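A.B. asks: Protein chains in written order, with our numbering: chain U, 7 to 171; chain R, 126 to 557.
Note that these hints are calculated values from the structure, not bench results.
Hints should not be assumed to be uniformly reliable.
What the hints assert, rightly or not - Here chain U is said to cover these stretches of chain R; the calculated rule only asks that three of the stretch's residues, wherever they fall, bring their Cβ under 8 Å from a Cβ of chain U:
1) 350-362
2) 445-458
3) 470-483
4) 502-509
Said to hold, decoys possible - Okay, derived cross-link-like pairs now, DSS-like style, lysine-lysine, Cα gap no bigger than 27 Å in a straight line:
5) U:K61 x U:K31
6) U:K162 x R:K312
7) U:K162 x R:K355
8) R:K270 x U:K31
9) R:K257 x R:K312
10) R:K257 x U:K50
11) R:K195 x U:K31
12) U:K25 x R:K270
13) R:K479 x U:K86
14) R:K397 x U:K51
15) R:K257 x U:K25
16) U:K116 x R:K450
17) U:K162 x R:K270
18) R:K250 x U:K86
19) U:K31 x R:K397
Values in this document were obtained by computation on a predicted structure and should not be read as measured data.
In this text, a Cβ means the ideal position worked out from N, Cα and C, and glycines have one as well.
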Amino acid sequence: MTHTQQVGMEFMFTEEELKTVEEIKSHYPTSQAALLPVLWLAQKKYGWISEELMKYVAKLLEVPYSHVLGVVTFYSMFNKKPVGKYHLQVCTNISCQLMGAETLLEHIEKQLHIRPGETTADGRFTLSEVECLGSCGTAPTIQINDDYYEALTPEKLDSILRSLR
Amino acid sequence: MEKLILREIPDFHRIDVYEANGGYRALRKALGMTQDHVIDEVKKSGLRGRGGAAFPTGLKWSFMPKQTAKPKYLIVNGDEGEPGTFKDRQILEFNPHQLIEGSLIAAYAMGANMIYVYIRGEYLKWIQIFQKAIDEAYQRGYIGKNILGSSFSTEMVIHRGAGAYICGEESALMNSIEGERGYPRVKPPFPAQYGLWGAPTTINNVETLTNVPIIIERGGEWYASLGAPKLPGIILYGLSGHVNRPGVYELPTGMPIQDLIYNYAGGIRGGKKLKAIIPGGSSTPVIRADEIEGLRMEPDSLRMVGSMVGTAGMIVMDEDTDMVKLTARIAEFYHHESCGQCTPCREGTGWMAKILHRIVQGEGRIEDLDLLVDVANNIEGNTICALGDAAAWPVRAMVKKFRDEFEAYIRRTSRIPVPDKFTLLEPVAAKG
Chain U
7 MTHTQQVGME FMFTEEELKT VEEIKSHYPT SQAALLPVLW LAQKKYGWIS EELMKYVAKL
67 LEVPYSHVLG VVTFYSMFNK KPVGKYHLQV CTNISCQLMG AETLLEHIEK QLHIRPGETT
127 ADGRFTLSEV ECLGSCGTAP TIQINDDYYE ALTPEKLDSI LRSLR
Chain R
126 MEKLILREIP DFHRIDVYEA NGGYRALRKA LGMTQDHVID EVKKSGLRGR GGAAFPTGLK
186 WSFMPKQTAK PKYLIVNGDE GEPGTFKDRQ ILEFNPHQLI EGSLIAAYAM GANMIYVYIR
246 GEYLKWIQIF QKAIDEAYQR GYIGKNILGS SFSTEMVIHR GAGAYICGEE SALMNSIEGE
306 RGYPRVKPPF PAQYGLWGAP TTINNVETLT NVPIIIERGG EWYASLGAPK LPGIILYGLS
366 GHVNRPGVYE LPTGMPIQDL IYNYAGGIRG GKKLKAIIPG GSSTPVIRAD EIEGLRMEPD
426 SLRMVGSMVG TAGMIVMDED TDMVKLTARI AEFYHHESCG QCTPCREGTG WMAKILHRIV
486 QGEGRIEDLD LLVDVANNIE GNTICALGDA AAWPVRAMVK KFRDEFEAYI RRTSRIPVPD
546 KFTLLEPVAA KG
């Protein structure tokens, strides 16, 4: 889902998704508490959370748009702009740093010609530097979309990137 | 020693296997005890929180009001995010039912009819594994209405985080469940009085609750006899960094640090020498190799070298480690994760990170070292939550214990000496 595709688009959850929203709401005494789970649902469907999407979620949960904006911008995992098909999230925190995360990051930068925060021109890869992923015993670790790739070397990384090209 | 948490039984995450090995027996036993009796047993065990702060668990439970018109909540804190810490994830993957059982016992003891399990957003795989375990437990009647035929009912729901270290702080976590930004709350009031939606709430770490079934089954006194008297029981040590066998090791508390590094984790990689350790997650002050002889992973021993057990996630550094770069990375982390509410933390963490990067880039000044300590001192104790302290301690300890290395970094850098006389260059005229 690219930026241009999302602008001006009518956001809508399917009947089934709306049922899921109702089920989520039933777990909490306020509908605002369903905000994080519903944002997850929205991001899963649309890939990132645009202003229009935030407005849709705000209406759905009957909370002000300004509140949704505040929440979305607080949490690093909510994508505030479109990301590539594969989101490479490189942990560079200390245990990974000790085990060569910096080399790994540089390696990706060279291979894909992008810097953290950037997406390749073909929209295939987005690169991010992230904080501790809780994989310190199997460092260095990269999260690609939802999956962890652990105890990486540049060689292992190359074969992973090849499989995603 | 026999494993009590990371049991070496294949498919232990499956409810059939868990039940066949005595699983949910402790819950049955607890439901036959009075609520006070359960809390007393946990008090007797000496169990302390395993999330890093080591607050006595039984005491925390006893803060929950008995008579209240409001609902009561239990929150399981699985937001594991302190760098160097990767233990809770092992429990979610390999022993989810013991966590569920411990949570149910805790909920029963405090009269909580709703349990929220907050798991960090990145742990999607573990959320899925744990959700499966919850579903199994519902099917067998361990969660839900009238559990095991008793009058006790409680529900359990996973709440997925979305990437914010601060949400591991209990009051920020509650705000995150309420659908707010993860801002820590001013305390008091404490969560047991005014927690989720203003109702009595207790927040316990994943590992803490996983110990509870063991205590109920074998007795508080038995549990208290294990490990170090001031931090009794068993604990999951996470070893990472330059060791041959990194990983999570379940052992009694109070283990000698040398034993953990050289026996369990197989010593330093490549036969190199040890330089330093960070004993329990990135916020715990660094310990130099020459200080570790005889040190144990318990509060009194580590206090002697100005450190603490924290999460027991130990980061091991070999002789080639660049301590200045490491410190800069730690500072950068806390700067990134500061929620921004309190000025000393919001600004101070940024200043520390900036100064440290300046040193790394060869632009450091010798006065920067005292400046770093000064900034750290002005953050510590001046913030709503403990993130400020957590940011101040490691930087101050690094500068104190490796000052010579910081100084060498500043002095050896090839800064261009300032000439006695400046010759100003004519500005190049812009080409029209």
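A.B. asks: Regarding the pair K479 of chain R and K86 of chain U, is the alpha-carbon distance no greater than 27 Å?
C.D. replies: Holds. K479 of chain R to K86 of chain U sits at ~26 Å (cutoff 27 Å).
A.B. asks: If you draw a straight line from the CA of K250 of chain R to the CA of K86 of chain U, is it 27 Å or shorter?
C.D. replies: holds, 23 Å
A.B. asks: Does K51 of chain U sit within 27 Å of K397 of chain R, going by the straight-line distance between their CA atoms?
C.D. replies: violated, 49 Å
A.B. asks: Is the listed coverage of the stretch 502-509 of chain R by chain U valid when you require three or more residues with a beta carbon under 8 Å from a beta carbon of that chain?
C.D. replies: violated (count 0)
A.B. asks: If you look at each residue in the stretch 445-458 of chain R, do at least three have a Cβ nearer than 8 Å to any Cβ of chain U?
C.D. replies: As far as the stretch 445-458 of chain R goes, the hint holds, because 6 residues have Cβ atoms under 8 Å from chain U.
A.B. asks: Holds or violated: K162 of chain U with K355 of chain R, Cα cutoff 27 Å?
C.D. replies: At roughly 45 Å apart (the allowed maximum being 27 Å), K355 of chain R and K162 of chain U break the hint.
A.B. asks: Could you grab the alpha-carbon distance between K257 of chain R and K312 of chain R and see if it respects the 27 Å cut-off?
C.D. replies: Given that 27 Å is the threshold and the Cα spacing comes to 36 Å, the pair is violated.
A.B. asks: When you check the alpha-carbon spacing of K162 of chain U and K270 of chain R, does it fall within 27 Å?
C.D. replies: Between K162 of chain U and K270 of chain R the Cα gap is close to 49 Å, so the pair fails against 27 Å, i.e. violated.
A.B. asks: Within a Cα-Cα threshold of 27 Å, do K61 of chain U and K31 of chain U meet the stated pairing?
C.D. replies: Given that 27 Å is the threshold and the Cα spacing comes to 18 Å, the pair holds.
A.B. asks: Mind taking a look at whether chain U covers the stretch 470-483 of chain R? Criterion is 3 or more residues with CB to CB distance under 8 Å.
C.D. replies: violated (count 0)
A.B. asks: Under the criterion that the straight-line Cα-Cα distance not exceed 27 Å, is the pair K25 of chain U, K270 of chain R satisfied?
C.D. replies: holds, 23 Å
A.B. asks: With a cut-off of 8 Å between beta carbons, are at least three residues of the stretch 350-362 of chain R near chain U?
C.D. replies: Coverage by chain U is violated here, the residue count being 0 at a Cβ distance below 8 Å.
Checked against the numbered hints given earlier, the structure breaks hints 1, 3, 4, 6, 7, 9, 14, 17, 19 and satisfies all the rest.
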